[in-house]
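Keeping their order, the protein sequence lines are chains P and R. In case it helps, our numbering puts the first sequence at residues 6 to 310. In case it helps, our numbering puts the second sequence at residues 6 to 310.
To be clear, the hints were calculated from the coordinates, so they are not data collected in a lab. Fair warning: this is a prediction, and the values are worked out from it, not measured in the lab. Please note: incorrect hints may appear among the correct ones.
Any copy, or any two copies together, can satisfy a pair, since identical chains are not distinguished.
[To be verified] Straight-line C-alpha distance at most 25 Å; calculated DSS-like pairs for lysine-lysine:
hint, residue 1, residue 2
1, Lys174, Lys267
2, Lys223, Lys269
3, Lys86, Lys247
4, Lys89, Lys174
5, Lys160, Lys249
6, Lys56, Lys283
7, Lys293, Lys249
8, Lys56, Lys267
9, Lys293, Lys267
10, Lys86, Lys249
11, Lys174, Lys86
12, Lys249, Lys164
13, Lys187, Lys164
14, Lys293, Lys307
15, Lys160, Lys136
16, Lys86, Lys283
17, Lys86, Lys164
Number of protein chains: 2
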Amino acid sequence: MPFELTILGSGSATPTPERYPSAQFLVFGDHHILIDCGEGAQVQMMRYGVKMFRLDLVFISHLHPDHFLGLPGLISSLSLKGRKEPLDIYSPRGLQEILEVQFLFGEVHLSYELRFHVFNDSNESIELDDKYLTAYSFALSHRVACRGFVFKEKKPSRKIKKDLPDASKLPPEAYPVLRHGKDYIDPDGKTWLQEDYTIPNEPPFVYAYITDTLYMPKLASRFADLEISTLYHEATFMNDLKEKAVTTCHSTAKEAAEFAVKCKAQRLLIGHFSSRYKDLEPLLNEAKEIFPNTFLAVDGEKFGA
Amino acid sequence: MPFELTILGSGSATPTPERYPSAQFLVFGDHHILIDCGEGAQVQMMRYGVKMFRLDLVFISHLHPDHFLGLPGLISSLSLKGRKEPLDIYSPRGLQEILEVQFLFGEVHLSYELRFHVFNDSNESIELDDKYLTAYSFALSHRVACRGFVFKEKKPSRKIKKDLPDASKLPPEAYPVLRHGKDYIDPDGKTWLQEDYTIPNEPPFVYAYITDTLYMPKLASRFADLEISTLYHEATFMNDLKEKAVTTCHSTAKEAAEFAVKCKAQRLLIGHFSSRYKDLEPLLNEAKEIFPNTFLAVDGEKFGA
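Whenever a hint applies, use it, and build me the whole structure from the sequences.
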């Protein structure tokens with residue numbers, strides 16, 4: 006399954022020409038997902054060559070301005086291009102009201118439907134479950150209601166062995182059954198044992214997105230069984246500003262790395278950097294000391310599986 | 006009086022990385038004025054080095070997304086920087102509602118006051134009149150209520166002659182009186198004739214901003230006495246797409262130039278270019294054939310008096 010993450014914005018509340026506010030474009034299987042949509046995201050999409058017209062899902066973590074202000078313009082531009090397919094938007098309560106009042110006074114009539122899905126207040130909930138992925142949202146700890154996301158690849162537990170001596174005899178109908186760990190009985194009554202024809206599949210790809218939150222070690226422990234392939238965790242400050250991080254309900258680079266260790270992630274991306282940091286290497290080094298496989302998720306960077 | 010206009014965006018409905026949506030920053034006397042505020046305007050301000058923290062007046066022509074979507078983020082950033090001075094915003098009805106619902110759901114509490122001034126429906130009205138300037142708004146012809154603006158320098162009609170033989174004897178109190186074309190009688194009863202001490206002043210600087218409108222020749226004729234120093238007129242299309250301009254209620258480069266001729270402007274700036282034009286020289290040439298003193302108002306350009 007293809008996985009490609011493009012960072013559209015790595016700044017925090019105050020954007021700069023080098024660091025736009027939070028936005029990521031995620032190609033996950035057949036889905037084209039926008040995670041947060043800070044001001045300027047549509048221009049960043051053009052700049053970094055993502056397939057913005059294939060966008061089908063939008064997830065907004067919370068309603069602070071730096072996480073959604075790019076959405077009205079993007080929605081409007083897609084309409085000007087004549088989009089017909091509906092767009093599914095997952096967000097906290099209020100986004101629909103915000104958009105509707107803008108379109109009302111601006112007399113904007115969209116060429117396609119917006120389907121709003123409002124997060125509930127549960128600790129964790131499944132937002133979407135289809136043949137490609139399962140998307141969860143979960144509560145974070147910020148100054149306003151804010152949720153993180155997990156996107157987990159939908160994948161059969163077994164895969165067909167390569168170079169089977171009688172592979173050509175295996176009926177096509179048997180493949181999906183065997184891949185899901187079940188034996189296949191053909192129309193003649195013959196049983197094809199999954200054990201003979203399959204081996205365990207690689208684990209599904211899991212992407213977790215955690216922004217605008219105090220460090221949550223208990224959440225990290227709860228995620229230890231999730232087998233997170235790539236974790237994005239905000240790192241607004243360095244640890245010498247830990248106190249400021251606590252006051253503003255943000256995390257430090259050190260804490261992002263500690264989260265990655267605790268939840269046993271394979272790779273860590275850090276972002277949402279305060280505009281005070283011109284050079285990001287110190288933040289990267291602070292995280293790498295604890296979790297070596299850390300990368301800076303700066304504007305324009307792309308990450309594969 | 007200083008006059009400096011910085012173009013922050015010269016695009017139209019669909020922005021591109023090269024052309025952001027409409028926004029201009031105007032230093033006019035002691036005022037720092039933002040005219041329209043498309044998405045990304047605050048980052049453009051940083052990019053082009055304007056004094057965004059001295060901003061005191063905002064004029065929004067209409068509520069199509071490409072003319073105001075940058076405002077919530079800018080307002081929020083100024084608050085994060087601890088602004089205390091109130092900000093005066095002149096706009097059509099609806100902008101206050103749009104901003105308030107965003108700040109409500111995002112739980113954004115500003116550090117300063119927004120003072121909203123809503124345009125009335127009159128053909129023309131004075132929005133602001135202080136010791137530096139008079140600002141008018143006037144009705145344009147677009148798909149939604151849209152207004153253009155005139156900013157006219159407040160300037161005495163006369164100025165004191167240089168190298169007067171008895172200039173040193175002129176009482177300081179006489180200056181403002183004579184500058185306004187009146188004779189001054191000093192405490193001893195002596196009359197200082199304005200004719201002896203003054204000559205006519207240069208005409209006041211006048212900046213006119215006209216965006217998102219059908220070509221309005223009658224308005225241009227009405228403006229012929231205004232002595233417009235610099236006219237900004239939208240030129241979304243070239244004249245071969247005149248029909249499309251009419252359908253979408255926009256103007257062509259040729260029409261912008263015809264407006265400049267009719268209203269006897271000294272200089273014409275054209276902008277709000279459709280994203281279909283990669284090269285803008287043909288639009289410039291089309292306008293220059295009719296009005297030679299035309300310039301492209303592209304992102305980052307600065308124009309003095």
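Results for each hint:
no. : hint            : in the structure
1   : Lys174 x Lys267 : neither (47 Å within a copy, 85 Å between copies)
2   : Lys223 x Lys269 : within (13 Å within a copy, 71 Å between copies)
3   : Lys86 x Lys247  : between (46 Å within a copy, 20 Å between copies)
4   : Lys89 x Lys174  : neither (45 Å within a copy, 79 Å between copies)
5   : Lys160 x Lys249 : neither (42 Å within a copy, 50 Å between copies)
6   : Lys56 x Lys283  : between (30 Å within a copy, 21 Å between copies)
7   : Lys293 x Lys249 : within (22 Å within a copy, 56 Å between copies)
8   : Lys56 x Lys267  : neither (34 Å within a copy, 46 Å between copies)
9   : Lys293 x Lys267 : within (14 Å within a copy, 66 Å between copies)
10  : Lys86 x Lys249  : between (44 Å within a copy, 16 Å between copies)
11  : Lys174 x Lys86  : neither (50 Å within a copy, 71 Å between copies)
12  : Lys249 x Lys164 : neither (49 Å within a copy, 57 Å between copies)
13  : Lys187 x Lys164 : within (12 Å within a copy, 97 Å between copies)
14  : Lys293 x Lys307 : within (19 Å within a copy, 45 Å between copies)
15  : Lys160 x Lys136 : within (9 Å within a copy, 71 Å between copies)
16  : Lys86 x Lys283  : between (37 Å within a copy, 18 Å between copies)
17  : Lys86 x Lys164  : neither (42 Å within a copy, 56 Å between copies)
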